[in-house]
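Q: Sequence:
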Amino acid sequence: MQTTSNATLFQTSYSEALGAYRSRKAIHTSGLVSLSSSSSLDEAKARYGYPIHLHPRFEEAVIKNAEDLAVEGSGADGGRYRVLSLEVDNQGGSIWTSESGGIVRQVDGESGKTVNTYRGAKAPIPTFDFLTTTAGEKLLVTGSWDKALRIYRVSNSPNDKSTATPLLEVPDAMADFIKSVHIFQSANTTYIAAAGSDKSIMLFDATPLLALAASATTVEGKLKCIHQNKSHTRPVNVLASFVGLDGITRLYSADSMGRVLESTLNPTTLRLEVQREIQGFSTAVYDLKIGWRRVEVEGEPSSPTTRRNDAFVSEVKEDEEGGRYQLVAEVWAASGDKSAAGYRLSPTLQPSSNKGSSRTTTSTTNTPLLGNQEPLSVPYVKIPHRDFVKSVLPLALHLSPSSSTSHYFDTFSEAVLTAGSDEHLRLHTLSDEEIIEVEGHWHEVTSLALWSRSPAASASSCTSTVLPLAKSEELWVVSAGLDGSIRRWNLNSIATLPKPELKPVMEEERKLGADWDQNSLPPMTVKKQGENAVVGVQMTAEEEAELAELMSDQD
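Just so we're aligned, residue 1 is where the sequence shown starts under UniProt numbering, counting upward by one.
Some clues are possibly wrong.
[What the hints assert, rightly or not] Simulated crosslink set (DSS-like; lysine-lysine; CA at most 27 Å straight-line): (1) Lys-230 to Lys-199; (2) Lys-122 to Lys-199; (3) Lys-45 to Lys-471; (4) Lys-138 to Lys-113; (5) Lys-499 to Lys-382.
Read the hints as simulated data drawn from the structure, not as lab findings.
The whole structure should be built from the sequences, with the hints applied where relevant.
A: Right, here's the structure in full:
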């Protein structure tokens, strides 16, 4: 799976055992082998998320040659097929991934087959986004570690060779690795925001792209950088935006020190201005999700002036059944400090402990606070984890009792999905603090997304889909990770899945003397390729004594 091998390098026993564990789990969760003599392949596929293996020869590379993956030790992963980010196109039914091999892949959600690959990058692509031209065409914008932005015309025709060449390439768009690309609108103008390892945010005017004609093969004019913001003091990992009830677009950025900034674009100077900080993370933030949550209210409806100055809380509304509610804006973040947290953006909804917070320095960097507003320093909910959290999916931001998926609202409106370095998906029910763990990936999970699966799309793909036919609108969770796979989980079935069988021992647990057993890291030594070693065989006492004698002679 790896393009370069660790097999010839010195490895610790823990690293060797980790490689053996990942090799075992890659087979165990592949959906290509039966779980037992009495179970079917269909049961295995359903249990492990109907896997889509991006490696075209996964079965040959891993199932039939498991030792080749095991000898990579801690470097055992999906190689050039590692998924760094993922998005789902709910209208077109496509799953999009950006990968370590320098491509963006368009996958049919039903069949799992690759529709097109968008090439041209000379390094991994950790980020991408989309924009729509005035003519209604969809464009793909990618950012790469080679510091370049690339723009492609999206094609739904399978194996379209035109996707191999970008319409436009902006070399050296940043001074270092690009880690996040985000497209947003402000004051009726569309911008491309790029951020990354040089600690800055670059803003490009996307007007030349919007004017692209349907028949054009090149972009007239250049993407012009209008502003470079240097508010962050660490590499910027992720960007997101949100439009408040006041019509103002706010850009949210998070860095590798856990600093999250809320900024707006000054319409006169076209400069990003920090409004406030969001505190509470002691190290890197990897994911941001922002949206509206429906909150039930009691009492009389508010007057139109009750919330007129609050861009983050709507007036009290009434639904068709007489229920009263408000829409409340939230931001959720996933962090390397082993937590996921949700914040209410309205200053009027902050916990009392937040209102008395200091405005002198940030909690993580001891640098002066930015912005002219009080920081958000206390989340209304924080979820601890055993390992780094790389992605968070608060379902309430996607659910509504008046939508075509309204039947999911009562069950999942208080649920949050998370995933990260410990390979599992977790479904957290905030109302009763229940946690459901889901086993599937055999390496770090990097991305989560929600897929609204329609019965029409399911029926039209009935000859090629590997998924059960959808009888009504269904919600599926899509995950992807460094194992080079995409997994698809029916949201309703997650709670019924068996508990994980294989899970790695965390590094700190290993130091405390936690055992390696058949359910975690196996106590085995995996020798280098070419030594004709059998996995699991260790040195005898006589061999260890002989080695010690040889080493003492050398001294």
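Q: Holds or violated: Lys-45 and Lys-471, Cα atoms, limit 27 Å.
A: 20 Å, holds
Q: Is Lys-230 within 27 Å of Lys-199, Cα to Cα?
A: 7 Å, holds
Q: With a cut-off of 27 Å on the C-alpha distance, tell me whether Lys-122 and Lys-199 pass.
A: 22 Å, holds
Q: Are the Cα atoms of Lys-499 and Lys-382 separated by 27 Å or less?
A: 24 Å, holds
Q: Does Lys-138 pair with Lys-113 here, judged by a C-alpha cut-off of 27 Å?
A: 21 Å, holds
Checked against the numbered hints given earlier, the structure satisfies every one of them.
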